[in-house]
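With the sequences and hints as input, model every part of the structure.
Under the working numbering, think of the first position of the sequence shown as 1, with each following residue one higher.
Calculated directly from the structure, the hints in this document are not laboratory data.
Nothing false has been slipped in among the hints.
No farther apart than 20 Å at their CA atoms in a straight line, the calculated lysine-lysine pairs in the PhoX-like style are these:
| # | residue 1 | residue 2 |
| --- | --- | --- |
| 1 | 144 | 154 |
| 2 | 154 | 175 |
| 3 | 135 | 175 |
| 4 | 144 | 127 |
| 5 | 175 | 127 |
| 6 | 200 | 154 |
| 7 | 201 | 150 |
| 8 | 219 | 154 |
| 9 | 144 | 200 |
| 10 | 180 | 150 |
| 11 | 144 | 201 |
| 12 | 154 | 201 |
| 13 | 175 | 150 |
Label-pair restraints from in silico Cβ distances:
| # | residue 1 | residue 2 | range |
| --- | --- | --- | --- |
| 14 | 140 | 199 | 18 to 24 Å |
| 15 | 26 | 78 | 54 to 60 Å |
| 16 | 229 | 185 | 39 to 45 Å |
| 17 | 212 | 272 | 58 to 64 Å |
| 18 | 155 | 78 | 44 to 50 Å |
| 19 | 179 | 72 | 41 to 47 Å |
The C-beta atom is built at its ideal place from N, Cα and C for all residues, glycine as well.
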Amino acid sequence: MAELTAEQLARIDANRKQAKERLRAAEAISESAVAGVDKGLATQGAANSHRNETGGRLRASKMTRGYYEYNLSTMRDTKAGFIEEEKAESPEKKRRVLDLDTIALELSAQDSCVECGSIDLDVTYAKVFRTQVCKACIEKIPDKYSLLTKTEAKEDYLLTDGELRDRDLFPVWEKANPHKSTWNNMLLYLRRDLEQFAVKKWGGLDGLDREFDRRDDEKRTRKEKKYRRSVADLRRRTRADEWEKQRRERLRLENEHEHEFEATGDGDEQKCSSCGLIIEVEEF
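Here you go:
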C-alpha cells in the first residue's frame, strides 16, 4: 500500500478537527436546550404554586389540555336520548295517591266496618266513597258495594250524563282506561249510591221496573213500525214491478226500447207512441 503524502495527511487532520468542532457544537446546543426546558418547568411550577396559594386558577398543561373531568355521581343514563324514562311527577302519568289518616292507638277510637265491625277497612272506599267497609264485606255483598262503570250505571238505573257528572250526588273513582291508555279515564260508581238515587228518582224499585217496561214497549213499538214500513215498501215495489211487467206484456213490448215521443196537443206534453210515457217539454 502506498504511503500518504504530507499534503494528504494534512487534509485528513484538518477534516478530523472540523468534525470534532461540529460534534462539540451540537452537544453544546443540546445541553442548552435541556437546561432551558428544565428552567421553564421550574419557573412554571413556581408560578403555579404561587397562584394556587393566592387562590388563582391553575393553567392546564399540554398533557391535560384536552381532558375533561366529570362527576359520575351526578350523571344519569338517558339511553341515547331515545327511550328516556318519563319523570314520575309528569302530569300525564301523575295519579292521585290515597293517604291514610293517622291510626288511633285505642280500638274504640278507630273506624270500623259498618257490616262486620272489622278495622281492616278498604282505603279506596273510605277516601273516595266515604264508606267504612272492609274488603271481605265488599266481596260478600256485591249488590251493595260493587262498582259500576258509567255505561253500566246509565243502563241499569236509567240515569243521565248530567246526573252522573254531579260529584255531590255520586262520588266517583277515576282510573286509567284498561283498554287503551290514550282514551278517557274510566269512571267507577258505587252501586249503593246509584240505587239510592234511582229509588228517589223513580219512586222505588217498582217504579224503576215500570220505567224499564215502558221503554222496552216503546222500543218494541218503534221496531214493529220500522218493520211494517219496510214490508209496505217492499210490497209497493213488488206491485210496481208486477204492473210494469203486465203492461209490457199487454203492449207486447221488449224489455228495453227507444221512446218515440209525439205531441199530444195538450200544451207542452208529449207521449211515447209505444209505451204511453208522458213527459213535459219546455222550450227556451
